[in-house]
Amino acid sequence: MLYTPSSPHFHANTSVRKIMMTVMLALVPGTILSVWFLGWGVLIQLGIAIIAGLFAEAIMLFIRRRPLTPFLGDGSVVLTGWFLALCIPPTAPWWIIVFGVVFAVVIAKHLYGGLGYNLFNPAMIGYAMLLISFPKEMTQWLNLPALALDNMSFSDAGRVIFGNPVATELDAMSSATPLDYIKTQLGLERGLTEIQLGSSRFGNFGSASFEWIAIAFLLGGLWLIRRGVIQWQIPLAMLSTLFILASLFYMVDPERYSNPVFHLFAGATMLGAFFIATDPVSAATTPHGKIWFGIGIGALVYVIRTWGGYPDGIAFAVLLMNLTAPTIDYYTRPKPFGHE
Amino acid sequence: MIRKLFPFIGGVKVASEKQAAAYAISAPELPDKLILPLHQHIGSPSEPVVEPGQRVLKGEKIARATDYVSVPLHAPTSGTIIAITDSSVAHPSGMQDQCIILEPDGEDQWYPLQSHAEDFHQLDPSALRNLIRNAGIVGLGGAGFPSSVKLNPGPDANIDTLIINASECEPYITCDDRVMQERPDDVIQGTIILKHAVSAEQCVIALEDNKPEAAQALELAIQEAGVSDITVVRVPTIYPAGGEKQLIHTITGRIVPSHGLPAQVGVICQNVGTTVAIYRAIQFGEPLISRIISVTGDVEQQSNMEVLVGTPVSHVIKQSKTTTSELRRVIMGGPMMGFAIHDLDVPVVKTTNCVLCDAGKNPNLPLKPAAMPCIRCGACADVCPVKLMPQQLYWYSRAEEFDITREYHIFDCIECGCCDYVCPSQIPLVQYYRYAKSEIWAREEENRKSDIARERHEFRQFRMDREKAEKAQRHKQKRAALKAQQGEEKPDADKEAKRAAILAAMERAKEKKSHSGVQPKNTENLTEEQKQQIKEADARRIARQQAEREKGK
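Those protein sequences? They're chains A and B, same order as listed. Count the first sequence with the numbering used here and you get residues 1 to 340, in order. Count the second sequence with the numbering used here and you get residues 1001 to 1553, in order.
Hints may contain errors.
Unchecked claim - Capping the alpha-carbon separation at 27 angstroms, the derived lysine-lysine pairs in DSS-like fashion look like this:
1. B:1510 to B:1478
2. B:1018 to B:1361
3. B:1437 to A:335
4. B:1512 to B:1468
5. B:1495 to B:1468
6. B:1368 to A:18
7. B:1013 to A:18
8. B:1318 to B:1361
9. B:1510 to B:1471
10. B:1495 to B:1510
11. B:1004 to A:335
12. B:1498 to B:1531
13. B:1512 to B:1476
14. B:1512 to B:1531
15. B:1437 to B:1449
16. B:1387 to A:18
17. B:1471 to B:1512
18. B:1478 to B:1535
19. B:1361 to A:18
20. B:1013 to A:335
21. B:1483 to B:1471
22. B:1318 to B:1033
23. B:1535 to B:1476
24. A:335 to B:1387
Keep in mind the hints are simulated off the structure, nothing from the lab. Every value quoted in this text rests on a predicted model; they were computed, and no experiment measured them.
The shape of chain B in the complex, shown without the other chains:
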C-alpha cells in the first residue's frame, strides 16, 4: 500500500554505520554483580523494598514506584542484595546515584509470574496500564518515560492513530532492527495490546527504508496474525526521522504543538522495543528486567545482546572480545544524541540502546578539533528539524543572553545534533544550548525558592498582624465584660489589684518576648473557646509546614 507521507523539514543524511545489523541477538554471560539504579526513568526515583542480605528471585519487585510518574524496579536474576548504596550511573555528568547491588546466584530462579495472555481483551485500558506500570516498563527508545503514563492520554483526548516508532534513525544502533527481524510476532502482538490499551483506530509501525528485512518480517507476521488494521510504513532514511514529533509529522502530517503532547493531535507513539516489553509483560507477566543493546563501533565482535538491566558496561565490552584499555571513548546511545560515559563500570539501564566503542579507528567519530569562528553559513538552520535559528541561539547562549535565547525558542530544541553535525566551524552548538537551558533552569529554581521565602515572610507578617488584632479584640471584650461586672459591684481596690496584676503580666510577657524572640504562648487561664482557637491555629500551622516540607522536597 502506498501511503502519502509528509516529510519533516531539515534533518541530515548521516553515514548509517549499522555494521551490527548482521548479528543475531545473543545472550552474554551472567556478570558478577548487577548495579540497579533506582532512577532509570523520567519522574520520581523508585524506593527500595528489600534489605541488604535478602535473597530475591528473578522478576521480584525490589523497589516500588513512589509517584504517578514513576515505576517499580525488579530483580533481573535471582541472587542476594549485597548493598543499597551510591554508585556511578550512566549520566553525562558522571554522577553517582542510589543503586541496589545484586549478586547473582547463577540459578536464575523465577518469581511466580501472572500471565494475562487470555484475558487482556477483557481488561479495561486502566487495568492494562496498571499491569504495564507494575512491570516497570518505560520508553526503551532513550528517554525512559513511564509507558503507563504515556498510554494515558486523559479523558478528553481522542486517539485515532497509534504509531510504533521503529525508525532507529541513529547511526550504529541496530537493536530494534534485530528485534523486528527475529521477533516480529512479538512486535505485532504487542501492537495489538497497545491498540487495545489506547483504543486507536489505526496502527502504523514506522521504520526507515534502510531496514527492508525488518519490514518484510513484520508484514509477514501481520499476515499470519490476520490483523488488518496494522500497517508497516517505510519512512525516508533521514536523521532524526525517529524524533517523536518528526515521525508524527511524517506519518500523519500533523504538527504537535510546541511543548504539547502527541495526544493533542490524536496520536500516541511507542517505541518498538517498548512494545515487545509490553507484550512480554501481558503475555507472560514478565517485568522489564532485560533489554537488547547493540555493542558496536571499534569492537572485535559486533553484536546485539539481550543483557540484564544492571550489567556493567565493562562486562558487555569484554563479551565483545574487546580490551577496554584500547578505547578512548565509550558512548551510551548513538553517536548523535548519546553521551560519553566517564566510568566503564556504570550499568546498562532500561534506556540504554547501544554501547558505542571508539578506539579512534573510524574517521566519522573524530574528537572535535578546536572550533573556528562561526562564519554564519546557515548550514545549521537548513538542517534544524525544528526550524529554529541555531546560529542566533549560539550567539545568545555564548553571550549569556538567556532571556533572548528563550525568545528564540531554545526550549523547543530537541538536541538532535544536526546543526552541530554540519557546522563547518566545528562549534559544539548543542553543548551551548544545554548550557543555556541548564542556566535558565537554575535561575528559575532560584527564583522559585526566593518566591517561596517571600510568600512565607508575607504570610508570617499577616499571621502576626491577625493575632495581634484578635488579641486586641479579646482584651476589648474582656474589658467590656469586666466593666459590666464592675458596674454592679464596683470594688475599687479589687479592680486596682487586678489592673496591677495585668500590667505586671504584660510587663513579664514583654520581657520574655524580647529575650526569647519568640511570641510566648499564653496557655493559662484560657476559655474553652480560646483553647479551641489555638488548637485550630496550631493545626493550620502544622498543615502548612507539612505542605511546605512536601514542596521543598
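The shape of chain A in the complex, shown without the other chains:
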C-alpha cells in the first residue's frame, strides 16, 4: 500500500519544540546572570514555575481531551513559566508564582483555545494579574549592595520562598527596584541627580546588576534574530521608540526624566523587547505590522514608566498592543508579487 500525502514531501528539520528550545537556550545567559546577581531564589522560582505550569497544562489538556505528549513536550508552557519566574521578585512567596503561572496557563492560554490561539501573552497576563492583586509581594526586591549569592544560601532562599521568613529580616533586606524607587522619589519632589547619587541601586548605565542581566538578554535576543527565530522589526522598533521618546524628554528636563540609556537597560526592557514582545502567537505578523507593533510598545512603556501608576510598563504595554495586533495585521497586508 502506497502512501499518497499531498505535496510538499520535503520538510525542513523544524518543529514547535525546536523553536521553543532555541528560545530557552537564548534565555540561559540572562538567567544565569539573574541567579548570579539576584540569588538562588531565581532558580527556585524557575523550578516552581515550570512544575506548576506543566501540571496546569496537563490538567487542562486532560479536561479538553487533547493529547498530552505533543503539547506537554512542545516547550511553550515551560517558556511561559520561565518568563514569569524572571519577572517576579526572587524572594516572593511560592504561591505567588504558582498562582501566576496557573492563571496564565488556564485563563490566558487554554480558555482561549490553547497553544496558538491565545490573544494575549500568557506570561504577561499572569504578571499583570499578580501585580494588580499582590502589589506588596510583587514589588519587594532584595536590596543588592553585594552579590545576593553571598548573602543568601540556597536553603535560605528556599526558606524565604516557602513561607518561613523572619518577617523583619526580609523587610530589612528588601526594597523597591530602581524604576520603582525613582518613581516614588520623584513624587517627593527630588531631582534625579540627587536621587541617583543617594542610592547604590544605580549602576553604570542602567540599574545595578539589572544592567548586566539586560545585556545578557540583549545578546540572547540578537542570537535569536540571527537564527531566524524572531525578526528584527519588533525589538528595533520598540527600543528605538523608547530611546527617542526618552531622549526628547531628557533634553527637556534631565532632572525629571531619566536618561534614554537608563531606560534601555533598566527593568525588563531587553527581556521584553526580544522575548516577550516577539511572542509570535500574540504579536503582529506582517513585516510592517511588526514595526507598528514595536513602536506602540515602546511608546506605551515610556508613558507608563513616566506618568503611569506602575514602576515598569512592559507587561501592560505588550498586553495593550496584543489587543491591536489583528487590526494592525489587517491594515498592513503586504502587496503580493505581481500586484505592485
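Chain A is already provided as a structure; the job is to place chain B on it using the hints.
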C-alpha cells in the same frame, strides 16, 4: 560576463539531494506495453485516429489535437494498438482516463520523418509553431502547456528576451542537468530555433549555480556554434528559482502581473528539455515520444533514463534494480511540487521529470507527523516567493471563508510548498490552499450552470411572449383583411360558420396544449411568408441549441 541579477523575495534553501547527477543518461529496456493517456497536456485532450488492432510505426500520429490549446500524440515505438480504454493515469487523485494501449513489436520501425534542418530560417514563426504543435510538444518542465501556444505571444507583444529555464530547482531532479552536460549542442541549436520563432533580441539560458559542469558545457557549445546573443546565466540556488515568474524577475527585474503572461513584460520562457525536444522536431522531424527522467531516492541504481512516453512507472523502477514492494511512497516529480502516485502501473507522461522513490531511508522525506496548532511564527510569510500571507490563507481556508481567501489572493499561490516546508507546526498548508481553490472552482462552476439555466428560462419566456404577440398581430391583420372582404360581400351565414370553425379550432388547440404541455405547431394553412418565418425561427432555435450543447461540453 557579470550580469546584474534581481533575486526574488522569499524562497528556501533546500537540501539538493542530486545524487543522480553523476549518472549519464541511459536507455531502459522496452516495456511490454505502453499506456498513452490522451490528456498529457493542459487544454483539450487529443482524439484517437487509430483503431484497436491497427499496427502503427514509431512516430506515427495516433491521436489528433482537438483544439487550439491541444496537441497530437504519437506512437513512441512501432507496434499494435491493443485497446483504447480507461486506465490509471498519473494524477494526484489516482483517477482513470482515456488511454491508447500500445504493444511494442520490438522492431522500433520509424514512420517517415520530415526534417527542416536546412530551411527553418526561412520559415515564418507561425509555420515553425505549426511544426512544433504537430510534433506534440508541450512544456516538459511539469505544467505541460502546449509549446506552440506559449510561443505565440500575439501580434501586440514585443518580445525582447527569451529565457531558457534550466534552473531545475527542485531537489533530486537531475534530468535537465544531464541533458545540458551531455547534449549541450542540442540545447544551443534548440535555443537558436526558438529565438527565431519568437524574434527575440537576446537569449538567456538560466541555471542554478549548483550546476557548474552544465554551465561550462553550454558555454563551450555557444563558442563552437559561434553565436553571440546567447548567454548562460547562473542564478542563486534557492528554491523556487525555476518558477517562471521568479526566474523572469531574477533575470530581468521585471514583474509579470498577477494572472498575466510573461509576454506582457516582453519575455518568453521555455524549459530546457522542451528546447531540446523542439530542436529534434525541427532538425529530424521527430515528434515528442520520449523524455529524460531521473529515477532517484531510495533506489538501488540512481539513474537518468531516456524513457518512452507511456512506459509504466513500475517498469522504470524495476530498471533501477529496486523492488517495488519495499517502497512506501513514489513521487512523480520533485519532493516539493510532485505528487505521490496511487498505482505503480501509471505511465510516465510528457510532463514527468522524475520518479522519486521513498522507502523511508531519507530523513528529509518524512511522512508528516500530526500537525500542531499554528503558532503564528510567520516563517511561512518570510519564505513565500509571491509575498502572500500563508498564515491568513490557512486560517480562512480552514474556516471555509473562501471569499476572504480570494481577498488574500489565493489564486496567486503557485503551490511551491515553501511555506509548508518551513512550518514548525507541520501544517499541510498547500493542501489547505488546494482545497480552497477547488472549492471556489466548484462553486463558480455551479454558479455558471445556474446562470445558464436562468438565461435559458428567461429567453424561453421572452420567446413565448414574442410568439404570442406575433400571433396576435397576425390575427389582427387577418381579421382586418377579412373585414375588408366582408365589407364588400357581407355573407352573414358564411361569416358565422367561419367564426364557429375558428372558435372550435382554438378550443381544440387549447385542449391539445393543456394535454401535451407543448405549444402546438400549427403548420396547416400557412402563407409562404409565415412558413418562411417559422423556418427562420426553427433555424434560430436549432442554432441556439447547438451553441448550448457546445457550451455544455
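Would the hint linking residue 1498 of chain B and residue 1531 of chain B be met if the CA-CA limit is 27 angstroms? holds, 23 angstroms
Between residue 1018 of chain B and residue 1361 of chain B, is the straight-line Cα distance small enough, at 27 angstroms or below? With Cα atoms ~15 angstroms apart, residue 1018 of chain B and residue 1361 of chain B stay inside 27 angstroms; holds.
Run the distance test for residue 1510 of chain B versus residue 1471 of chain B: straight-line Cα separation, threshold 27 angstroms. holds, 14 angstroms
Check whether the Cα positions of residue 1361 of chain B and residue 18 of chain A lie no farther apart than 27 angstroms. holds, 23 angstroms
Hinted pair, alpha-carbon criterion (27 angstroms max): residue 1318 of chain B, residue 1033 of chain B. Please report holds or violated. holds, 15 angstroms
Pair hint residue 1535 of chain B and residue 1476 of chain B, alpha-carbon separation not exceeding 27 angstroms: holds, 22 angstroms
Would you mind confirming whether the straight-line C-alpha gap from residue 1512 of chain B to residue 1468 of chain B stays at or under 27 angstroms? holds, 17 angstroms
Given the hinted pair residue 1512 of chain B and residue 1476 of chain B, is their Cα-Cα distance within 27 angstroms? It holds: about 23 angstroms lies between the C-alpha atoms, which stays within 27 angstroms.
For residue 1004 of chain B and residue 335 of chain A, compute the direct alpha-carbon distance and say whether it is at most 27 angstroms. holds, 25 angstroms
Are residue 1387 of chain B and residue 18 of chain A close enough, with their CA atoms no more than 27 angstroms apart? Since the Cα atoms of residue 1387 of chain B and residue 18 of chain A sit roughly 25 angstroms apart, the hinted pair holds (cutoff 27 angstroms).
So if I understand the rule, the pair passes when the alpha-carbon distance is 27 angstroms or less; does residue 1495 of chain B with residue 1468 of chain B pass? Holds - the C-alpha atoms of residue 1468 of chain B and residue 1495 of chain B are around 25 angstroms apart, at most 27 angstroms.
Checking one constraint from the list: CA of residue 1437 of chain B to CA of residue 1449 of chain B, max 27 angstroms. Satisfied? holds, 18 angstroms
Violation of the numbered hints given earlier is absent; every hint is satisfied by the structure.
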